[in-house]
Amino acid sequence: MSFILFIEQLLNGLQFGVMLFLMAAGLTLVFGVMGLINLAHGSLYMVGAFAAAATATATGSFLLALIASLVFAAFAGVLIEVLVIRRLYARDHLDQVLATFALILIFSEGTRWLFGSFPLFLDKPDWLSGTVNLPFGIIYSRYRLAMILAGLAVAAGLFWMIARTRIGIRIRAGENDREMIAALGVNISLLHTFVFALGAALAGFAGALIGAIQSVQVGMGEPVLILAFVVIVIGGIGSIKGAFIGALLVGLTDTLGRFLLPWLFQFVMSPSSANAVGASLSSMSIYLLMAGVLLFRPKGLFGSQ
Amino acid sequence: MTLKPFAKPLALSASLALLASAGLATIAGQAQAAGVKVGMITTLSGGGAGLGIDVRDGFMLAIKQSGRDDVEVVIEDDQRKPDVAVQLSDKMIQSDKVDVLTGIIWSNLAMAVVPAAVAQGKFYLSPNAGPSPLAGKGCHANYFNVAWQNDNLHEAAGGYASGAGHKNTFILAPNYPAGTDALAGFKRMYEGELAGEIYTKLGQTDYASEIAQIRASGADSVFFFLPGGMGISFLKQYADSGVGLPVVGPAFSFDQGILQAVGAAALGVKNTSQWNKDLDNAANKAFVDSFQAEYGRLPSLYASQGFDTANLLLSALDKAEVSDADAFRAALEAADFASTRGDFAFASNHHPIQDIYVREVIKEGDVFTNKIIGVALEDRSNAYVDDCSL
Chain A
1 MSFILFIEQL
11 LNGLQFGVML
21 FLMAAGLTLV
31 FGVMGLINLA
41 HGSLYMVGAF
51 AAAATATATG
61 SFLLALIASL
71 VFAAFAGVLI
81 EVLVIRRLYA
91 RDHLDQVLAT
101 FALILIFSEG
111 TRWLFGSFPL
121 FLDKPDWLSG
131 TVNLPFGIIY
141 SRYRLAMILA
151 GLAVAAGLFW
161 MIARTRIGIR
171 IRAGENDREM
181 IAALGVNISL
191 LHTFVFALGA
201 ALAGFAGALI
211 GAIQSVQVGM
221 GEPVLILAFV
231 VIVIGGIGSI
241 KGAFIGALLV
251 GLTDTLGRFL
261 LPWLFQFVMS
271 PSSANAVGAS
281 LSSMSIYLLM
291 AGVLLFRPKG
301 LFGSQ
Chain B
306 MTLKPFAKPL
316 ALSASLALLA
326 SAGLATIAGQ
336 AQAAGVKVGM
346 ITTLSGGGAG
356 LGIDVRDGFM
366 LAIKQSGRDD
376 VEVVIEDDQR
386 KPDVAVQLSD
396 KMIQSDKVDV
406 LTGIIWSNLA
416 MAVVPAAVAQ
426 GKFYLSPNAG
436 PSPLAGKGCH
446 ANYFNVAWQN
456 DNLHEAAGGY
466 ASGAGHKNTF
476 ILAPNYPAGT
486 DALAGFKRMY
496 EGELAGEIYT
506 KLGQTDYASE
516 IAQIRASGAD
526 SVFFFLPGGM
536 GISFLKQYAD
546 SGVGLPVVGP
556 AFSFDQGILQ
566 AVGAAALGVK
576 NTSQWNKDLD
586 NAANKAFVDS
596 FQAEYGRLPS
606 LYASQGFDTA
616 NLLLSALDKA
626 EVSDADAFRA
636 ALEAADFAST
646 RGDFAFASNH
656 HPIQDIYVRE
666 VIKEGDVFTN
676 KIIGVALEDR
686 SNAYVDDCSL
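Protein chains in written order, with the numbering used here: chain A, 1 to 305; chain B, 306 to 695.
To be clear, the hints were calculated from the coordinates, so they are not data collected in a lab. Computed from a prediction, not measured in an experiment: that's the story for all the values here. Mixed in with the good hints, there may be bad ones.
[To be verified] The following label-pair restraints were derived from C-beta to C-beta distances:
{"#": "1", "chain 1": "B", "residue 1": "Asp-395", "chain 2": "A", "residue 2": "Val-268", "range": "40 to 50 Å"}
{"#": "2", "chain 1": "B", "residue 1": "Asp-388", "chain 2": "A", "residue 2": "Arg-87", "range": "26 to 36 Å"}
{"#": "3", "chain 1": "B", "residue 1": "Arg-493", "chain 2": "A", "residue 2": "Arg-87", "range": "52 to 62 Å"}
{"#": "4", "chain 1": "B", "residue 1": "Val-379", "chain 2": "A", "residue 2": "Phe-3", "range": "54 to 64 Å"}
{"#": "5", "chain 1": "B", "residue 1": "Gly-549", "chain 2": "A", "residue 2": "Val-268", "range": "31 to 41 Å"}
Each residue gets a CB set at the ideal place from its N, CA and C atoms; glycine is no exception.
Construct all of the structure, not just a fragment, from the sequences and the given hints.
Structure follows, in structure tokens:
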């Protein structure tokens with residue numbers, strides 16, 4: 001195993017983690033402010049990817065496709081918040097899980113009805129194709145590097161908004177005491193819609209970015225959703241900082257685990273069984289990480305209560 | 306009880322519809338005595354839906370073309386979940402009273418359903434999954450695979466890779482029964498060294514880690530088996546990584562349903578298949594034309610497998626009643642139908658003996674598709690014939 005390969009895998013882990021953060025940020029905000037478990041968050045990721053693919057096919061522009069992913073995902077977010085989610089804030093978590101699971105089915109079959117069952121095509125633009133040469137002779141995909149930068153920029157913007165702006169203050173206040181800020185004259189229902197739309201737009205943006213190097217298909221959001229839940233549990237539910245650290249931890253653990261575990265097992269067993277055992281164990285690695293974190297920090301790394 | 310003004314005609318027409326459907330049911334019931342009832346369990350929702358839809362459409366096209374009205378097909382969606390597939394097969398056998406089951410795409414689902422179904426005396430015709438246990442020790446007189454044994458296309462890919470002069474191939478497949486069959490099949494016919502061997506997670510979408518290992522391994526070529534959306538993701542990321550080694554794979558990642566989503570990243574890739582739309586025989590030409598006319602898209606290999614499965618069934622029905630199991634089985638074994646693949650026969654373990662071709666991904670106008678560039682294996686049977694007691 002070479003140093004260059006290890007650095008490249010670190011970058012891969014970072015890229016995966018940053019994209020997970022875009023998903024987890026919305027999920028953790030919605031849980032923190034509204035106390036809502038939103039299983040349909042993965043569907044918003046899918047909406048973003050499909051909106052981007054359709055726009056890119058129609059206009060040929062990747063930037064327009066990214067904008068479309070933000071707009072359509074935010075719009076879908078507002079729509080389900082006003083029509084369905086709003087009625088669930090006061091209900092218990094089981095009702096929320098049930099209703100948002102129904103939304104997954106509605107979104108999946110609705111998307112199939114609109115776009116058909118076959119995967120759509122979405123490609124990165126020419127100016128982001130190919131590879132770049134980094135120091136130490138590392139060859140890395142230009143698009144993945146752009147994903148890391150875009151993700152970090154969004155994360156920085158989000159931290160700034162939460163920490164420094166009036167809307168950020170309201171969001172933090174909403175997390176601490178919902179009734180009190182409503183009593184102080186903040187339009188809590190508008191704030192909820194805004195937070196939900198923000199989370200939806202971030203998920204849609206992630207879907208569009210990832211859709212360009214993966215398969216844009218019905219049901220693409222659910223595997224990512226599970227990882228995003230792992231992220232917010234590790235990070236501490238409701239904490240943006242926790243979501244960021246948790247996403248990077250999960251991204252690095254998953255990527256490095258897939259690569260290092262089979263390699264490590266080769267020292268104690270034959271290559272083919274090392275592969276099989278390593279592959280099986282690495283798919284568990286993030287859950288082991290989660291169990292480990294919860295053992296010492298039952299509320300997650302940055303859990304508030 | 307008071308009915309609103311418009312409710313009366315509604316109720317009336319509803320009861321009329323009920324009567325009409327009851328009438329239909331008795332007609333179907335009478336016809337069934339002479340014909341056959343088929344239960345199709347396939348994947349019609351979720352990520353793998355494209356495959357099941359193609360199998361279903363190919364199958365139903367053949368039934369429609371036959372003009373027979375005594376073949377009743379019950380179609381259900383397994384959602385790619387083994388537990389759902391098992392429930393559906395129980396329901397179809399016990400309450401729908403089907404004679405023949407078919408349709409399963411995924412090997413792990415086939416392993417859950419097939420042994421129990423054939424043990425209850427039902428026939429199972431597989432339009433896709435062909436896991437090795439069902440070809441070897443677990444073979445059964447009532448189980449027929451009309452597509453291939455899982456290893457076949459990968460064996461052909463291994464043979465092709467050696468023939469093309471690749472000496473140090475990196476191989477990867479998902480960690481599930483068809484994935485282990487795939488790598489075993491590739492290694493059976495491949496003569497060179499392996500630069501590396503990876504099992505990925507089933508349903509994995511990001512392959513950055515694997516691609517980095519391929520880059521570092523010093524391989525001269527890559528073989529991968531990643532069906533459906535997994536293959537789309539891998540190919541797009543592989544093309545983007547700049548690794549640029551030649552790629553060989555089975556047809557599953559290059560079939561008509563997903564090529565458009567992969568785009569130019571797949572151009573020029575060599576892949577192995579038992580079927581292609583340019584195969585030169587009358588049955589195939591008619592199939593490709595009629596499929597396009599019926600559904601407005603090009604058929605995939607899954608569609609051709611569904612079409613052949615239905616035609617095999619129809620050919621057996623022409624010769625024997627399904628109630629006479631021994632005669633019906635003999636009629637199936639004869640495989641007396643015009644396959645879209647040309648020559649087709651069953652080996653003693655009820656898996657096909659057929660030619661397997663090498664195809665290349667090309668662009669025809671705006672559409673990405675395949676053309677055949679050679680034969681990889683002629684009259685290939687499978688490696689498990691001797692393990693089967695049939």
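Right, here's what the structure says about each hint:
1. B/Asp-395 with A/Val-268: 40 to 50 Å: Holds: the Cβ-Cβ distance is about 44 Å, inside 40 to 50 Å.
2. B/Asp-388 with A/Arg-87: 26 to 36 Å: holds, 32 Å
3. B/Arg-493 with A/Arg-87: 52 to 62 Å: holds, 59 Å
4. B/Val-379 with A/Phe-3: 54 to 64 Å: holds, 59 Å
5. B/Gly-549 with A/Val-268: 31 to 41 Å: At 35 Å between Cβs, range holds.
Of the numbered hints given earlier, the model fails none.
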